[in-house]
Amino acid sequence: EAQVTQNPRYLITVTGKKLTVTCSQNMNHEYMSWYRQDPGLGLRQIYYSMNVEVTDKGDVPEGYKVSRKEKRNFPLILESPSPNQTSLYFCASSLQGANTEAFFGQGTRLTVV
Amino acid sequence: DQQVKQNSPSLSVQEGRISILNCDYTNSMFDYFLWYKKYPAEGPTFLISISSIKDKNEDGRFTVFLNKSAKHLSLHIVPSQPGDSAVYFCAASANTGNQFYFGTGTSLTVIP
Numbered sequence: 004e005a006q007v008t009q010n011p012r013y014l015i016t017v018t019g020k021k022l023t024v025t026c027s028q029n030m031n032h033e034y035m036s037w038y039r040q041d042p043g044l045g046l047r048q049i050y051y052s053m054n055v056e057v058t059d060k061g062d063v064p065e066g067y068k069v070s071r072k073e074k075r076n077f078p079l080i081l082e083s084p085s086p087n088q089t090s091l092y093f094c095a096s097s098l099q100g101a102n103t104e105a106f107f108g109q110g111t112r113l114t115v116v
Numbered sequence: 220d221q222q223v224k225q226n227s228p229s230l231s232v233q234e235g236r237i238s239i240l241n242c243d244y245t246n247s248m249f250d251y252f253l254w255y256k257k258y259p260a261e262g263p264t265f266l267i268s269i270s271s272i273k274d275k276n277e278d279g280r281f282t283v284f285l286n287k288s289a290k291h292l293s294l295h296i297v298p299s300q301p302g303d304s305a306v307y308f309c310a311a312s313a314n315t316g317n318q319f320y321f322g323t324g325t326s327l328t329v330i331p
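As they're listed, the protein sequences go chains A and B.
First residue of the first sequence: 4, per our numbering; consecutive thereafter.
First residue of the second sequence: 220, per our numbering; consecutive thereafter.
Same shape as in the complex, but just chain B (with noise of 0.2 Å):
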């Protein structure tokens, strides 16, 4: 069973504006979250992270917001660029195991 979803396979956003991308994990034992960005023939590289003792976190361009109560998560991009056109994976750890667990990814295409 999928502990973690994206439920939104793929999004469109106009460059400029605000990409939201959403993740829900149903495992109350997570405790670490992650984004990942990947482009097409690379591996997935690291975005953003987050512990649940935070309920957002902030690196430039990219925000990431934790609601705990609802077992939600999403990733802010503002302002999107077209470089930001790839697959977006969120992923989930819990402290006391030893596996990352990955959404099915969101599909983002900015358009310049």
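If we strip away everything but chain A, and leave its shape as in the complex, we get (with noise of 0.2 Å):
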């Protein structure tokens, strides 16, 4: 089954511990990237990989890091997590670029305290 796989589904952390969401696809896709939703303010993106080895910042990316070193894994790491960092966050995968559409992994729930 063609699917976007986030793990933890639910973390809740302390300040400054670092942490890392990981993000799988098992579709070939080129293009990944991650999100926030938070509420209001719709889906931001924070990363996106165009390819291996190739990542971009996207429009929230202040406190966090990613890395694509295999095509299919795509992990968001929180180096000092904050509590403005408490958000549900989505990994997406599509074929290619942003002119096809996005496959959304269920969402990772992440409370900083």
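Certain hints may be false.
[What the hints assert, rightly or not] Cross-link-like lysine-lysine pairs, in silico, DSSO-like; alpha carbons within 30 Å at most:
#1 K60/A with K256/B
#2 K74/A with K290/B
#3 K68/A with K287/B
#4 K290/B with K68/A
#5 K60/A with K224/B
#6 K72/A with K275/B
#7 K60/A with K287/B
What the hints contain is simulated information worked out from the structure, not anything from laboratory work.
Fit chain to chain and form the complex, with the hints in mind.
Below, the structure is given as structure tokens:
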């Protein structure tokens, strides 16, 4: 089954404790991206990747890191999480860039206390 | 600044009637537009898209209309069904860019 898988689904952590949210897709898509969803703000893009070893900042990259060492994986790293990073995070992939539809993971609800 | 706007946070419609969801954009470089549907505790799922070379695209009960001069698009759902109750996001991208820009979403409730 074609899918984008994120882990974990729920995470509560403390300020400053490094964490990684994993994302994997099995569709051989070139493009992958991370979004955060906040009330009243919709989905905002954090980082995206056009292909292996190619990553770029989206609209809200501060406080986040990503890497794309393999085509299927695109982890999101929070080196020192802060409470303002409490949000619902989605990973997505698409066949080729932003002119084909994206497939989303089920989301990761992160709470930073 | 929000480049894609959905000015109606919520919409209620009777079952069987038409639902019309609206979306406005500011960037004239956008040439590809999509609608996504999102149920609680799930990720958004792709619904329908339209390229700027068209002004209408239809898929079953769902039709998207694009008015480039007004920088406006709308999603029509006919007839509306209770299972259509969800949050709908409008998104846009430019052929020259690599980013999707999403609106803030409209929560549709279809009343049986």
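Checked hints:
1. K60/A with K256/B: holds (25 Å)
2. K74/A with K290/B: It is violated: about 35 Å lies between the C-alpha atoms, which goes past 30 Å.
3. K68/A with K287/B: Violated - the C-alpha atoms of K287/B and K68/A are around 36 Å apart, more than 30 Å.
4. K290/B with K68/A: Not satisfied, since the Cα-Cα distance of roughly 34 Å exceeds 30 Å.
5. K60/A with K224/B: Cα-Cα ~22 Å, so holds.
6. K72/A with K275/B: Violated - the C-alpha atoms of K275/B and K72/A are around 40 Å apart, more than 30 Å.
7. K60/A with K287/B: holds (28 Å)
Hints 2, 3, 4 and 6 from the earlier list are contradicted by this structure; the remaining hints agree with it.
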